[in-house]
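Please work from the sequences and hints to get the whole structure.
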Amino acid sequence: MPIAPADAPRLLDAGDGGLVVEFGDAIDEGVNRQVIALADALDASALPGLREVVPTYRSLLVLFDPLVLSRRALRDEVLALWPPQAGAGEHKGCWRVPVIYGGEHGIDLDHVARLHGLTTQEVIDLHAGAAYRVYMIGFAPGFAYLGGLPEAIHTSRRSEPRLKTPPRSISIGGRQTAVSPPLEIPSGWHLLGQTPVRSYDPRRTGRPFLFAAGDTIRFAPVAPADYGALCRAAEAGEIVAQWEAS
Amino acid sequence: MGAHLVIERPGLFSSLQDFGRFGYQRFGISASGAMDSLSLQLANRLVGNPRDMAAIELTMLGLSATVEEGSARLALAGADMPLSINGRPAEGWRAYALAPGDRIEIGAARTGMRAYLAIAGGFAVAPTLGSLSTHSRSAIGGFEGRALRAGDRLPLQEAPAAPLLTLAPEDRPAETGPIRVVPGPQDDHFTPAGLATFLSSGYRVTEKADRMGAQLDGPAIEHADGFNIVSDGIMNGSIQVPGNGRPLVLLADRQTTGGYPKIATVIGADLWRLGQARPGDVLRFSAVTADEAEQVARAHEERLLALFARMTETPLPGTQLSSERLLAHNLVSGVCSALAPLDP
Numbered sequence: 001m002p003i004a005p006a007d008a009p010r011l012l013d014a015g016d017g018g019l020v021v022e023f024g025d026a027i028d029e030g031v032n033r034q035v036i037a038l039a040d041a042l043d044a045s046a047l048p049g050l051r052e053v054v055p056t057y058r059s060l061l062v063l064f065d066p067l068v069l070s071r072r073a074l075r076d077e078v079l080a081l082w083p084p085q086a087g088a089g090e091h092k093g094c095w096r097v098p099v100i101y102g103g104e105h106g107i108d109l110d111h112v113a114r115l116h117g118l119t120t121q122e123v124i125d126l127h128a129g130a131a132y133r134v135y136m137i138g139f140a141p142g143f144a145y146l147g148g149l150p151e152a153i154h155t156s157r158r159s160e161p162r163l164k165t166p167p168r169s170i171s172i173g174g175r176q177t178a179v180s181p182p183l184e185i186p187s188g189w190h191l192l193g194q195t196p197v198r199s200y201d202p203r204r205t206g207r208p209f210l211f212a213a214g215d216t217i218r219f220a221p222v223a224p225a226d227y228g229a230l231c232r233a234a235e236a237g238e239i240v241a242q243w244e245a246s
Numbered sequence: 001m002g003a004h005l006v007i008e009r010p011g012l013f014s015s016l017q018d019f020g021r022f023g024y025q026r027f028g029i030s031a032s033g034a035m036d037s038l039s040l041q042l043a044n045r046l047v048g049n050p051r052d053m054a055a056i057e058l059t060m061l062g063l064s065a066t067v068e069e070g071s072a073r074l075a076l077a078g079a080d081m082p083l084s085i086n087g088r089p090a091e092g093w094r095a096y097a098l099a100p101g102d103r104i105e106i107g108a109a110r111t112g113m114r115a116y117l118a119i120a121g122g123f124a125v126a127p128t129l130g131s132l133s134t135h136s137r138s139a140i141g142g143f144e145g146r147a148l149r150a151g152d153r154l155p156l157q158e159a160p161a162a163p164l165l166t167l168a169p170e171d172r173p174a175e176t177g178p179i180r181v182v183p184g185p186q187d188d189h190f191t192p193a194g195l196a197t198f199l200s201s202g203y204r205v206t207e208k209a210d211r212m213g214a215q216l217d218g219p220a221i222e223h224a225d226g227f228n229i230v231s232d233g234i235m236n237g238s239i240q241v242p243g244n245g246r247p248l249v250l251l252a253d254r255q256t257t258g259g260y261p262k263i264a265t266v267i268g269a270d271l272w273r274l275g276q277a278r279p280g281d282v283l284r285f286s287a288v289t290a291d292e293a294e295q296v297a298r299a300h301e302e303r304l305l306a307l308f309a310r311m312t313e314t315p316l317p318g319t320q321l322s323s324e325r326l327l328a329h330n331l332v333s334g335v336c337s338a339l340a341p342l343d344p
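Protein chains in written order, with the UniProt record's numbering: chain A, 1 to 246; chain B, 1 to 344.
Note that these hints are calculated values from the structure, not bench results. C-beta atoms are modelled at their ideal positions from N, C-alpha and C, and glycine is treated no differently. Mixed in with the good hints, there may be bad ones.
Distance windows between CB atoms, simulated [said to hold, decoys possible]:
1. B:T176 to A:D65: 45 to 55 Å
2. B:R310 to A:R157: 47 to 57 Å
3. A:D76 to B:G70: 50 to 60 Å
4. B:R310 to A:D28: 50 to 60 Å
5. B:G177 to A:R75: 26 to 36 Å
6. A:T205 to B:P160: 28 to 38 Å
7. A:A229 to B:P219: 33 to 43 Å
8. A:E184 to B:E222: 33 to 43 Å
9. A:L11 to B:D52: 41 to 51 Å
10. A:L81 to B:D52: 48 to 58 Å
11. A:E104 to B:S200: 52 to 62 Å
12. B:S84 to A:P48: 42 to 52 Å
13. A:E184 to B:L12: 19 to 29 Å
Covered stretches of chain B (chain A as the covering partner; in silico rule of three or more C-beta atoms under 8 Å from a C-beta of chain A) [what the hints assert, rightly or not]:
14. 60–67
15. 297–304
Dropping the structure here:
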């Protein structure tokens with residue numbers, strides 16, 4: 001699918017081994033789509049000296065070996081690929097991620113509900129009723145930043161970030177929601193629940209990372225008994241998130 | 001059973017590091033890798049290794065260890081840490097052949113921050129996501145995903161015979177002068193005065209300096225328009241300036257993304273100096289263009305290759321040589337030129 005043409009990107013220097021391709025300065029799905037399309041196109045180009053690409057919300061960091069690939073040649077390649085075309089890089093389908101909401105699994109659910117004058121069930125229905133786009137994976141291994149949070153539960157970050165949050169937390173911060181990896185990471189976001197899904201698992205050879213930027217995710221509430229069973233299955237190496245092709 | 005290095009005293013923070021883990025930052029995996037890759041490469045070549053092989057990165061205080069169930073050829077390079085072998089003083093920047101049961105002891109750095117203990121053949125440890133580098137915060141890579149502990153037994157790979165090399169004192173890295181940076185990618189988020197402050201002031205390395213980054217203290221750098229950006233990718237040497245105006249240089253174990261504007265990026269050729277900077281050291285920065293930085297990168301590489309070529313065989317000490325050491329020496333004295341093809 002061709003992407004609506006955009007103005008030429010801003011190409012910014014990041015030392016002698018980095019080039020930043022900036023597409024805009026806002027969090028926007030169309031912009032993010034282009035970032036991922038360019039990341040995939042550069043990856044596919046197998047340009048000698050290209051080390052890796054790091055797609056984020058609205059810019060792409062391209063890391064390269066300046067002894068092999070000149071900045072000029074890299075800039076030319078980026079401009080030759082402009083505007084990036086979403087093709088194989090478009091991720092058709094949706095991950096259904098089970099979540100146990102509230103209680104010890106989501107200690108901020110009550111607070112978030114009170115803050116917005118909603119019942120906890122209404123917060124759960126809103127959060128689990130939306131489709132989210134993975135804008136980027138960053139901060140920690142497999143930590144997925146998702147856009148598409150319903151406005152009724154947009155919530156400013158906590159003023160005091162927590163130094164440790166439970167592994168596999170489902171949290172909200174500002175206009176975003178996130179899936180934590182199975183690690184106790186610091187976070188200032190509000191914890192709504194927990195998933196048995198391991199977005200990152202080094203023992204899962206061949207698929208250490210479950211989600212990639214561009215994926216779509218929906219959350220499915222599960223009961224405590226099912227959560228326990230899913231956790232055991234995930235511990236044994238199962239993915240436990242369902243992929244639904246569209 | 002093959003040779004092992006058995007750790008007795010692990011030092012302050014000793015971890016396996018190579019050039020780092022590339023290709024997974026888009027999944028949130030920090031690159032990690034040696035904080036001073038120049039010394040890592042020199043240590044490796046002293047023992048005849050490919051320059052990018054994983055070695056033990058020592059921080060401030062070295063380790064003590066014994067070679068068991070085999071022999072090992074090793075070299076220490078980087079920060080000036082006292083070294084002894086079986087209680088006898090030895091030197092950095094030269095390779096030694098150790099016999100089974102030999103013990104090395106490495107003390108506290110007199111200058112610099114990090115040294116690399118390279119062992120010929122490297123470690124028989126499986127790489128994680130393509131690299132042996134340790135990222136301890138996420139328990140990835142290295143030896144069990146963590147810094148070394150007393151009692152760890154590191155299995156060693158067998159190494160082909162090679163000469164014991166030395167790097168002359170005048171050839172050892174000792175740069176002074178400002179750290180070179182390329183302004184950007186977000187230098188436009190700072191006022192001209194802010195940029196001038198950054199490039200004209202001394203910044204002291206604080207106690208908050210580790211493998212993730214170095215928090216600097218000095219005159220506050222003025223932002224032009226707030227200090228939040230939409231989070232984007234961070235590279236080794238990115239210099240973030242948060243709201244307090246004090247620069248934070250992000251290094252090997254940095255997180256993959258961040259939301260503060262980056263005033264400048266340290267060039268690859270000078271990154272090793274941040275790996276050797278100690279709390280209290282005062283750093284100055286000077287700006288080069290990206291084109292100039294590309295030329296510096298090439299000159300840096302040529303200089304490094306020249307240093308590899310200038311390594312000489314260590315003169316044999318007159319006394320107390322085991323037959324194994326003599327054998328090792330005789331086996332390898334003719335293969336010096338065979339080292340060149342090892343260069344990647």
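For each hint, the structure was consulted:
no.	hint	in the structure
1	B:T176 to A:D65: 45 to 55 Å	violated, 27 Å
2	B:R310 to A:R157: 47 to 57 Å	holds, 55 Å
3	A:D76 to B:G70: 50 to 60 Å	holds, 52 Å
4	B:R310 to A:D28: 50 to 60 Å	holds, 55 Å
5	B:G177 to A:R75: 26 to 36 Å	holds, 30 Å
6	A:T205 to B:P160: 28 to 38 Å	holds, 30 Å
7	A:A229 to B:P219: 33 to 43 Å	violated, 59 Å
8	A:E184 to B:E222: 33 to 43 Å	holds, 37 Å
9	A:L11 to B:D52: 41 to 51 Å	violated, 29 Å
10	A:L81 to B:D52: 48 to 58 Å	violated, 30 Å
11	A:E104 to B:S200: 52 to 62 Å	holds, 54 Å
12	B:S84 to A:P48: 42 to 52 Å	holds, 45 Å
13	A:E184 to B:L12: 19 to 29 Å	holds, 24 Å
14	60–67	violated (count 0)
15	297–304	holds (count 3)
Checked against the numbered hints listed earlier, the structure breaks hints 1, 7, 9, 10, 14; every other hint is satisfied.
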